[in-house]
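Chains as they are written, first to last, in the UniProt record's numbering: chain V, 1 to 244; chain S, 1 to 244; chain A, 1 to 244; chain Y, 1 to 244; chain P, 1 to 244; chain E, 1 to 244; chain H, 1 to 244; chain R, 1 to 244.
Quick caveat, the hints were computed from the structure, so don't treat them as lab data.
Misleading hints may appear alongside valid ones.
Where chain S lies over chain H, by a calculated footprint (3+ residues, C-beta under 8 Å) [unchecked claim]:
{"hint": "1", "stretch": "17-28"}
{"hint": "2", "stretch": "140-147"}
{"hint": "3", "stretch": "185-199"}
Taking lysine to any residue pairs in the SDA-like style, the calculated list, with each CA pair at most 25 Å apart, reads [said to hold, decoys possible]:
{"hint": "4", "chain 1": "H", "residue 1": "69", "chain 2": "S", "residue 2": "40"}
{"hint": "5", "chain 1": "R", "residue 1": "69", "chain 2": "R", "residue 2": "83"}
{"hint": "6", "chain 1": "H", "residue 1": "69", "chain 2": "H", "residue 2": "82"}
{"hint": "7", "chain 1": "E", "residue 1": "69", "chain 2": "A", "residue 2": "84"}
{"hint": "8", "chain 1": "A", "residue 1": "69", "chain 2": "V", "residue 2": "44"}
{"hint": "9", "chain 1": "E", "residue 1": "69", "chain 2": "A", "residue 2": "85"}
{"hint": "10", "chain 1": "P", "residue 1": "69", "chain 2": "E", "residue 2": "67"}
{"hint": "11", "chain 1": "Y", "residue 1": "69", "chain 2": "S", "residue 2": "40"}
{"hint": "12", "chain 1": "V", "residue 1": "69", "chain 2": "P", "residue 2": "98"}
{"hint": "13", "chain 1": "R", "residue 1": "69", "chain 2": "Y", "residue 2": "115"}
Glycine residues also receive a C-beta, built at the ideal position from the N, C-alpha and C atoms.
Number of protein chains: 8
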Amino acid sequence: MPRDESKKTDQKATLQLASASIDLDRTRRCGFPEVIYGEGKTAETIAQIASELRSRGERVLATRIDLAKANEISQLLPEMMYDSTARTLRIGDDLPDAQAKGNVVVISAGTSDLPVAEEAHQTLLWMGARVSMVHDVGVAGPHRLPERLAEFENADALVVVAGMEGALPSVVGGYVACPIFAVPTSVGYGANLGGIAALLSMLNSCASNVAVVNIDAGFKGGYLAGLVATQKHDSMQGQDAPAH
Amino acid sequence: MPRDESKKTDQKATLQLASASIDLDRTRRCGFPEVIYGEGKTAETIAQIASELRSRGERVLATRIDLAKANEISQLLPEMMYDSTARTLRIGDDLPDAQAKGNVVVISAGTSDLPVAEEAHQTLLWMGARVSMVHDVGVAGPHRLPERLAEFENADALVVVAGMEGALPSVVGGYVACPIFAVPTSVGYGANLGGIAALLSMLNSCASNVAVVNIDAGFKGGYLAGLVATQKHDSMQGQDAPAH
Amino acid sequence: MPRDESKKTDQKATLQLASASIDLDRTRRCGFPEVIYGEGKTAETIAQIASELRSRGERVLATRIDLAKANEISQLLPEMMYDSTARTLRIGDDLPDAQAKGNVVVISAGTSDLPVAEEAHQTLLWMGARVSMVHDVGVAGPHRLPERLAEFENADALVVVAGMEGALPSVVGGYVACPIFAVPTSVGYGANLGGIAALLSMLNSCASNVAVVNIDAGFKGGYLAGLVATQKHDSMQGQDAPAH
Amino acid sequence: MPRDESKKTDQKATLQLASASIDLDRTRRCGFPEVIYGEGKTAETIAQIASELRSRGERVLATRIDLAKANEISQLLPEMMYDSTARTLRIGDDLPDAQAKGNVVVISAGTSDLPVAEEAHQTLLWMGARVSMVHDVGVAGPHRLPERLAEFENADALVVVAGMEGALPSVVGGYVACPIFAVPTSVGYGANLGGIAALLSMLNSCASNVAVVNIDAGFKGGYLAGLVATQKHDSMQGQDAPAH
Amino acid sequence: MPRDESKKTDQKATLQLASASIDLDRTRRCGFPEVIYGEGKTAETIAQIASELRSRGERVLATRIDLAKANEISQLLPEMMYDSTARTLRIGDDLPDAQAKGNVVVISAGTSDLPVAEEAHQTLLWMGARVSMVHDVGVAGPHRLPERLAEFENADALVVVAGMEGALPSVVGGYVACPIFAVPTSVGYGANLGGIAALLSMLNSCASNVAVVNIDAGFKGGYLAGLVATQKHDSMQGQDAPAH
Amino acid sequence: MPRDESKKTDQKATLQLASASIDLDRTRRCGFPEVIYGEGKTAETIAQIASELRSRGERVLATRIDLAKANEISQLLPEMMYDSTARTLRIGDDLPDAQAKGNVVVISAGTSDLPVAEEAHQTLLWMGARVSMVHDVGVAGPHRLPERLAEFENADALVVVAGMEGALPSVVGGYVACPIFAVPTSVGYGANLGGIAALLSMLNSCASNVAVVNIDAGFKGGYLAGLVATQKHDSMQGQDAPAH
Amino acid sequence: MPRDESKKTDQKATLQLASASIDLDRTRRCGFPEVIYGEGKTAETIAQIASELRSRGERVLATRIDLAKANEISQLLPEMMYDSTARTLRIGDDLPDAQAKGNVVVISAGTSDLPVAEEAHQTLLWMGARVSMVHDVGVAGPHRLPERLAEFENADALVVVAGMEGALPSVVGGYVACPIFAVPTSVGYGANLGGIAALLSMLNSCASNVAVVNIDAGFKGGYLAGLVATQKHDSMQGQDAPAH
Amino acid sequence: MPRDESKKTDQKATLQLASASIDLDRTRRCGFPEVIYGEGKTAETIAQIASELRSRGERVLATRIDLAKANEISQLLPEMMYDSTARTLRIGDDLPDAQAKGNVVVISAGTSDLPVAEEAHQTLLWMGARVSMVHDVGVAGPHRLPERLAEFENADALVVVAGMEGALPSVVGGYVACPIFAVPTSVGYGANLGGIAALLSMLNSCASNVAVVNIDAGFKGGYLAGLVATQKHDSMQGQDAPAH
């Protein structure tokens, strides 16, 4: 996708705040603005970055925000909407389904993987991608996944979220042609090693179409699937650059 | 299974050779005689232990024997038969199928897992168990396993052998009611870590009926499945002890 | 064990709840219904799944339930009985010993391994298996185990629970002919690495009849031993399928 | 991408050879035929699978073939072309650039990463994707990457191959909008841990558009990038399925 | 730098307190007095060591002091100044910039790395080095670092602090000629492994001028850079020993 | 040391309590009675075991007791004396120095290693060994250890306790002829890995006289040194068995 | 044991050779001369060090010498005697049993552990200790160890050598009062991790009298046991220093 | 150190060869030209890079060259001089001692660490630094290091090379005021883990002046020490840039 040179301006690419610097050039370069990683940032800092981005017309997403911090932030910036499962904050409405781009499905193995799957979900909504969810289809019930094949076999990209043995992406991989972004979760105990077992399993997948992101990295899994789906959509529309 | 007290004798339980000691009481105690672990033993030592066991009427199994050592041993003890895939030596004929006990199936994921699967196979033959093989049904081809369900759904116990992501036992686990003994193999590369990835995957299996043995431990997987199947068979016959 | 075809019905195999899906076909396929893994599920979800299973006549087991959550659940579903050592909830009476099937013994090394051993115990009671307990016979006191040999040498299967160096299954393995399901626990400190030391020790056991499950996986150890014992019992009775 | 139902036929999905089974349904399901993983397979097996695929009109790719095995295979099947850097065998001509689909760039950090980068290259040629190479632009020379930005900033997908500290994908990630498939290599020594250092670095990338595959998995990196690029191309052409 | 023999005295090199011993000879031997590592020491012990050092005319630095302990200590020893970001206590004024020695720059990748960067900062102030800070220039925004090149390209030594993939020191390394002391932080999650990912990345840096210290070891990074800068400064002044 | 046959009695070797079994034969077999490992045992259990041991005339030691549990226990069994640094409980007076046996020195590297060193200390007092302490002589101050050489060069055995890089035992090893029992502590951070760094360092010690025990295992280090010293003392007295 | 001041001389403590330095003061300080670690040293260097030690009247031991290097060395220094199992070279006759000191037993678990056990054996002979061997008494045969109890229950110290699960030292520990030096071996495969499994097992031993040395460190295990036994012997003789 | 702007030219910064690209701007930016990392490069490639560098008047250093490759290269480029211990190739004469800059000492622990120490040595000679060697002063002989203190206490920077427990840098750190670059080596066995034990030990050093580089990274240790020493030398001469 060619970078949109028309958007190139003289303005400085970085805005220096007291405690952080904001990459103002990112939308031009990478198609989407900066996402605020909430861990280790104060409510004030997060609200300030969000305001700056918002004032430039960007949609805003902040991840890894616990409930207490979310409450603090929404007092500073009431338009931020919190999703307590995904632990994300967003500014910007969901696109109506007809305007949403492409087709991404987020598949998760068990009930405990839900928070990570929902972080991917929120990320995809923020990107303007069309997204649907298929929950609790882990490999222990072998009929569960095929029963729902119709819901995901035509996707542009899949996000597959699983903890424990992390086998779900390998099994899904055998059913579809699109790229799969596998997200290991830290769900499990003992030799799970905080998600390392699922991570290694996914990296060693015998399915050729499985790429992997960090443990519990729902955002990154969603973002990558969203890039594939929205860029494919844009190219079908004869568009070279994301437009939102 | 009650231990067969009638077999208890006064003879000393251990036979001391120059370089090893043989546990002569094992068949009474554990149902099967000692198996010779070939790694780190000379051809002479292996042949000597085999002769002693044979002279006491035991069936003999030696594992982890490379071709060169097998050739040396068969010159010393010609009745030993070598299986070059399993890298095992045996003395004692295969039982005719009608006399073999129980029903064990060894399932393997890929072509490269064959040597480990065959070590399990040879072990089960040595135990007098009825055994069949289902090869190359890894999860990347989702239709391969269900196509062959009839071959293993009635087994007394399964041995499931897989490298790479080690997902096969979890998937098989959802189809059957019997215990599964999962054997991770060192097949793979990179983040496979010499089989650790498959091992961790199997230990974290969401299927309740999956137990695990060491990496590449085809013998142990086969032995455990053989215990389950032959003891169930013996109890159905009203027999308390293995008879071979 | 052949699957009980008479139980096959037209009903859909999966019941979709708001936050989870229940595998309704599992008893037919695997001999026992789904077990509820409590970690990461709300009290409401657990009670709802339990009610659905109960309404279909299944016995119910939920594991990894802390006291607070157990209290919440029992307000929603008073018939659930909590075991605070095992941290399990059950619905369904213990079978009278005469009706219980087979013979499983759960052996544990030290006082601190008790919670894991009790999770195995509760699981076996839920399966309708006959079960007895041998506590605190770790290898540091070499006479403790032989003193109690009569209690476990005739078992159909053993569950052996140990933390620290995890040597107990290897030592027990030399005394018996039946399969042993070894459960490493996270009891210990320092180079114990949260149970990894015991896990590795058990995987490397020189005893041929030792299979291993995940760290602290009392449920899985109990379930596997229960499968071996109840299926052997059923086959002796000329029964092909579990009946409870 | 909807699966091409018109290609659905009655023929059995699996062809059972003596030592392997071939997934004949894969092209319909996944868009591309099976790839032959050469490790642990004999020359005979590889040639046999290749012949079967070829006889069905599929393009053939085999990976992880050393020179000696390649020589054996080309005596059995002379039309197979060997690439000694990539250690791959292929049957099927390169598409003329005008017919090749999409636009993938393979970027590598150092001279020693070349074999892995070339495995990705060969995979992309086999898929019919348009591909170009940017070599030796590791982060130690900070001007090297920007000098060549024009060669990769418009790609549909990137494969970035790096050993040692594995920083290159993170740096590339800041310049582009497309998905990046990062391939860690085992190049390095000491605390490199056979590629684990680069793998962890890539998994923890602060760039949102970086997904990771296994160490030295040039094939998988190429395959995923090829899926993104060819499917985007096909959708622009109003085509739903790959056509080659 | 020759040790200052004139400072050699007859006094005993070690002062024995109740709960600790103080190395009174360290300034002569190593150029700077002992630094108090606060972890695991009581407020009383810290205050006592600080008083003893102060009474001998040394400047005092204590690291790893949480707020509660800092409050306790400042009641015992009010002249100690606390920096709540760096979690350090100091006694002794900052040198005026003109008197400060050499030129060290502390560069950090993200907002969350700030506490570690500030520990380095406080350490350098305590050493009497001239120090400036460059924050939030991680590799995800590739223009951020070059924009600020003028601020650090003439430094005598750099401290580069980064978590996650730890790529920043490698990138900085390509721009400068001076030694870089890389400090990995435990910022991140999942496969970050508490900073191990960043640590391995830095150890494997392809940049020749990057040395590494322990995870979160802001003190040590600052101390080493301070040694390089102040000793170079002293040698330019014709001074052989530090003078403060 | 020959076992004291005169102490052999007919009494059963194991006392079965509700929640634990006590090894009553241990003093005869091993020279010292059981030590109570407090982790995971309730105050009631610990008090009950202590009472039983006391009623048989044994000296009592319990380790890993936090302050809250210690308070509970001393209400049940007031004669137990708590050491809050070592976190141990003891019953039985310290022997007067003249009656204490042998000569053990416990050397520790830093202030933070004190709790582990004190656990060794309490263990040695309980064994009736003569023991002295040398604190805070870590290798960073190279003159500290030689200054105190006279205090430990004539010991029968040394316990050397160190965290961080764990170098102290290697350095001490070069000065003495007696066996050294090295105890790594979990003191440190980052790449310390909870004491693994010190543990590995000690296992790889180039000093021939260094044996290692588990991380933070002050009890075990003290116990082993106590065995060496008291048995040497007893043999000098012409005594074959411990007498206390 | 007080150091023998009478042996103190004016001679320099270190002899500087071209490629190594010899610690000439070690016998005075540590009771025994330097041992030559053969790995990474040339035959010439080893022969030169051995000659220098011999010319000063010391007994000589060199470890980790393969057969080829041993042949080279014995051409340079024919009095060196090679033990091909232990891979050690020695100069100096075995003491007649009556003159040998103390009583050490080396116990090994399996045939493959023999080389490490023999390295301990050779070391003890070199030290002038009385030593006997108990081979192949691993825990899989539970009667083997008690059968031979009389051979080791009166030892001054034990060396226990085991690979695989490393359980033997824990079991032995329950039978004896003396210190045990446990030597893990790299015998095993898969999750054995080159001896790490046995090492961790031994470090976590529930037996209080078990100290551990490095994997395959037969020399160190033997040396420590030899120190305990010979120093106890010397003290019984009223001797303070070793005399050989 | 300010970069030498007078050397800035218009010439392209990168020279693209067939199989590698050369960073021609590095001397201006970083003070020294590129060093050729020999691993994974052919003799032809190395000779070609060396020729290009030489033709531009640069001094040449290539590391990690085995003897066979060195012979090949010296046929192509006879002026390259090989050091078989360091496994390095150089072009350019050693500077006479009087012209060499600064003062670096390379200290190594044992004979087996020599190759890594010599790689550091060769690197320092190539940089034009004054360098001396102190070999075989490991901590097991505590008098060896102090005996040679005069040789290194006045250095501008030290390189300390050690395998096994890696304690030497910590001990040296207590004697000197200058920065220490610690190089762990893979010398050792078992729990040494290929140098990881020494690496962790050095990272956790309690000495404040110890920075660490990768395992066996003699080049990097030498390079960093050389930067410190030569830049200090240049600044004393009133020179801002390296001149060679």
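Hints, verified against the model:
1. Restraint check on the stretch 17-28 of chain H versus chain S: 0 residues with Cβ-Cβ distances below 8 Å, three needed, restraint violated.
2. A count of 5 residues in the stretch 140-147 of chain H with a Cβ less than 8 Å from any Cβ of chain S is obtained; the coverage claim is therefore met, three being the minimum.
3. Evaluation of the coverage hint for the stretch 185-199 of chain H: fulfilled, as 5 residues show C-beta separations to chain S shorter than 8 Å, against a requirement of three.
4. The straight-line distance between the Cα atoms of residue 69 (chain H) and residue 40 (chain S) is roughly 22 Å, inside the 25 Å bound, and the hint therefore holds.
5. Of the pairs offered as hints, the one joining residue 69 (chain R) and residue 83 (chain R) holds, with about 12 Å between alpha carbons and a cut-off of 25 Å not exceeded.
6. Distance hint between residue 69 (chain H) and residue 82 (chain H) is fulfilled; the C-alpha atoms sit about 10 Å from each other, no more than 25 Å.
7. Annotation: proposed proximity of residue 69 (chain E) to residue 84 (chain A) holds, straight-line Cα distance about 20 Å (limit 25 Å).
8. Distance check on the hinted pair: residue 69 (chain A) and residue 44 (chain V) sit about 35 Å apart at the alpha-carbon level, beyond 25 Å; violated.
9. At roughly 19 Å between alpha-carbon atoms, residue 69 (chain E) and residue 85 (chain A) fall within 25 Å of each other, so this suggested pair holds.
10. Taking the CA atoms of residue 69 (chain P) and residue 67 (chain E), the gap is near 21 Å; set against the 25 Å cutoff, the hint holds.
11. Taking the CA atoms of residue 69 (chain Y) and residue 40 (chain S), the gap is about 31 Å. The hint is violated against a cut of 25 Å.
12. Distance hint between residue 69 (chain V) and residue 98 (chain P) is unfulfilled; the C-alpha atoms sit about 43 Å from each other, more than 25 Å.
13. For a cut-off of 25 Å, the pair hint linking residue 69 (chain R) to residue 115 (chain Y) stands: about 20 Å separates their Cα positions.
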